[in-house]
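K.L.:
Starting from the structure of chain C, add chain X where the hints point.
Okay, here's what each chain looks like letter by letter:
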Amino acid sequence: MKDTVSQPVIEAKGLNLVFQTADGPVQALKDVNLTINQGDFVSFIGPSGCGKTTFLRCIAALEHPTGGTLIVNGMTPDEARQKRAYGYVFQAAGLYPWRTIAGNIRLPLEIMGFPKAEQDQRIERVLELVELKGFGKKFPWQLSGGMQQRASIARALAFDADILLMDEPFGALDEIVRDRLNEEVLKLWARTGKTIGFVTHSIPEAVYLSTKIVVMSPRPGRITDVIDSPLPKERPLDIRDSREFIEIAHRVREGLRAGHHDD
Amino acid sequence: MSRALPVVTVLAGIVAIWYAAAVWMNATWAFDQAERAGQTVTWAEVIPQTMDQARPLLPPPHQVGAELWKGLFGQAVTSKRSLVYHAFVTFKGTMTGFGLGIVVGVLLAVAIVRFRVMDMSVMPWAIISQTIPIVALAPMIITLSSQLGLTGRDIPKAVIAAYLSFFPVLVSMVKGLRSPDQMQLDLLRTYGASDAQTFLKLRLPASMPYFFASLKVAVAASLVGTIVGELPTGAIEGLGARMLIGSQFGEPLIMWASLFAAAILAGILILVVGLIERIAGRRMGVRA
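Chains C and X, in that order, give the protein sequences. Our numbering applies: residue 4 is where the first sequence begins, and numbers increase by one. Our numbering applies: residue 9 is where the second sequence begins, and numbers increase by one.
The shape of chain C in the complex, shown without the other chains:
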């Protein structure tokens, strides 16, 4: 977790994924090579169809690559899932309306068979972590969209996976709520030292959050640029007006544009 020798936790080599559709094969991922180290905050950015979500789903073993190798925590993605290597946050909070907030966070713990007393402890801890203390007994509809998404992050954190995969988690929220949640995610990352994979289509969001920005482009889905961010770990919101920030954002934009010229 320290800045000493960072271990690679996710390694993709020559990864390919071809979907067979009614209109013929679609190359969703082509020759993707990427190494994500312990404690990295990696953003995937690109237009729709660039394979950023597909790549995240491959890491989660929700999709299976048709070529190349993908190693998560030194295992195959399927094995890593069995070992509870990651928590996954979807675009929508997807809380069960018939369970309270605490009940929703309890869901993975029940499935994984944690003892009851430990479940309660963990729920308390993650509720505090996402600043939802005291909301455990509420039902999802009683919470705002931003709070629901925080609850879904708590649910992904509850079983202490090393890796947190987030698929456009704030895409449906308004700018102001999104800014606040971005700050909170950074705090969370600093406190827990988790490795985070984060899919977004917002350039400022990607630059603000990440230590590594992966720029992708569509048809076929591939990586066009990988940017290691020189920004410090401590990032107040107004860092977005700094020169470094604007330079990185510029490079991301250039990368995205280059990908589009290829059409």
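These aren't lab readings, by the way, just hints derived from the structure by calculation. Do not take every clue at face value.
What the hints assert, rightly or not - Only pairs whose alpha carbons sit at most 30 Å apart, straight line, appear in this in silico DSBU-like list of lysine-lysine: (1) C:Lys119 x C:Lys141; (2) X:Lys183 x C:Lys86; (3) X:Lys100 x X:Lys88; (4) C:Lys119 x C:Lys190; (5) C:Lys236 x C:Lys215; (6) X:Lys209 x C:Lys119; (7) C:Lys119 x C:Lys86; (8) X:Lys224 x X:Lys209; (9) X:Lys100 x C:Lys141; (10) C:Lys190 x C:Lys33; (11) X:Lys78 x X:Lys100; (12) X:Lys209 x C:Lys136; (13) C:Lys215 x C:Lys119; (14) C:Lys140 x X:Lys209; (15) X:Lys88 x X:Lys78; (16) C:Lys190 x C:Lys140; (17) X:Lys224 x X:Lys183; (18) C:Lys141 x X:Lys209.
P.N.:
Chain X only, in chain C's frame:
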């Protein structure tokens, strides 16, 4: 109050039309009587006579109300003349058939959602089963069950009621069990949940709103099935038997009173199902 007004208005309209129809239909008999006696009568004289005939073509509301009152409260509830007694017989049949229908409907739905082969083989037959008129099927079920040595009428009645009530439960439960979207299923896959866990923690709770919606239809269908089961071949108990007696012995008042007793029973059953739905809904976090 604002909710009661439209209901009361419609009710008043129905009663008014009913009285008008009663005058029109029962007047024929009054005119015939007068003609046979060699008298001429005016409409003004006939109208009162249409209101209290012993065997009216269409009994007016107050006569039905009086007969219903007499049937419900006029004697001990254990009496064979008591509508409460007959309603209870019908209620028992309805509940047995309803329970059976729920069990069969839910089990079939689970099998259909779980196994593709069941979806392809059973579902079409379930739909075809509902195209056969129950009045044609009911006597066959009764004959068949007596052939099998079942002397009582309880079992064939329950089977007929279940035959009608399993279908809405089946259709709704299939839809409900399939209602979770891909994202919710993916979420459980990321936890490495088993099929059984996915079923118990996601599919089953997600199907509950569909389940309760179907129960209201099923309980009404079950009541209709029970009454149809009481109609043919000499049943002596139950609202269906009472209706048949009224019809066969030319006692329209008995028939109409039984009909209304059945309607009241249906209303109570649907209210109770609605109440259970609300209690369950509150426990499952439905917005108040």
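K.L.:
So, for every hint listed, does it hold in this structure?
P.N.:
The hints, checked one at a time:
1. Proposed proximity of C:Lys119 and C:Lys141 is supported: the alpha carbons are some 20 Å apart, at most 30 Å.
2. Only pairs whose Cα atoms come within 30 Å are accepted, and X:Lys183 paired with C:Lys86 is rejected, the gap being roughly 34 Å.
3. Our distance criterion of 30 Å between C-alpha atoms is met by X:Lys100 and X:Lys88, whose separation comes to about 16 Å.
4. With a C-alpha separation of about 29 Å, the suggested pairing of C:Lys119 with C:Lys190 holds against the 30 Å cut-off.
5. Distance restraint check for C:Lys236 and C:Lys215: the Cα-Cα separation of roughly 12 Å lies within the 30 Å cut-off, and the hinted pair is therefore satisfied.
6. Restraint check for X:Lys209 and C:Lys119: satisfied, since their Cα atoms lie roughly 17 Å apart, inside the 30 Å limit.
7. As the CA atoms of C:Lys119 and C:Lys86 are separated by approximately 20 Å, the hinted pair is consistent with the 30 Å bound.
8. A C-alpha spacing of about 25 Å is found between X:Lys224 and X:Lys209, which places the hinted pair at or below 30 Å, so the restraint holds.
9. With a CA separation close to 41 Å, the supplied pair X:Lys100 and C:Lys141 exceeds the 30 Å bound.
10. About 34 Å separates the Cα atoms of C:Lys190 and C:Lys33, which puts this hinted pair outside 30 Å; it is violated.
11. Between the alpha carbons of X:Lys78 and X:Lys100 the distance comes to roughly 22 Å, so the proposed pair stays at or under 30 Å and holds.
12. This hinted pair checks out: X:Lys209 and C:Lys136 have alpha carbons roughly 25 Å apart, not beyond 30 Å.
13. For the hint linking C:Lys215 to C:Lys119, the alpha-carbon distance of about 39 Å lies beyond 30 Å, and the restraint is violated.
14. Proposed proximity of C:Lys140 and X:Lys209 is supported: the alpha carbons are some 19 Å apart, at most 30 Å.
15. A C-alpha spacing of about 13 Å is found between X:Lys88 and X:Lys78, which places the hinted pair at or below 30 Å, so the restraint holds.
16. Taking the CA atoms of C:Lys190 and C:Lys140, the gap is near 25 Å; set against the 30 Å cutoff, the hint holds.
17. Of the supplied pair hints, the one linking X:Lys224 and X:Lys183 holds, its CA atoms being roughly 16 Å apart against a limit of 30 Å.
18. With a C-alpha separation of about 19 Å, the suggested pair C:Lys141 and X:Lys209 falls inside the 30 Å cut-off, and the hint holds.
The structure fails hints 2, 9, 10, 13 (numbered hints given earlier, in ascending order).
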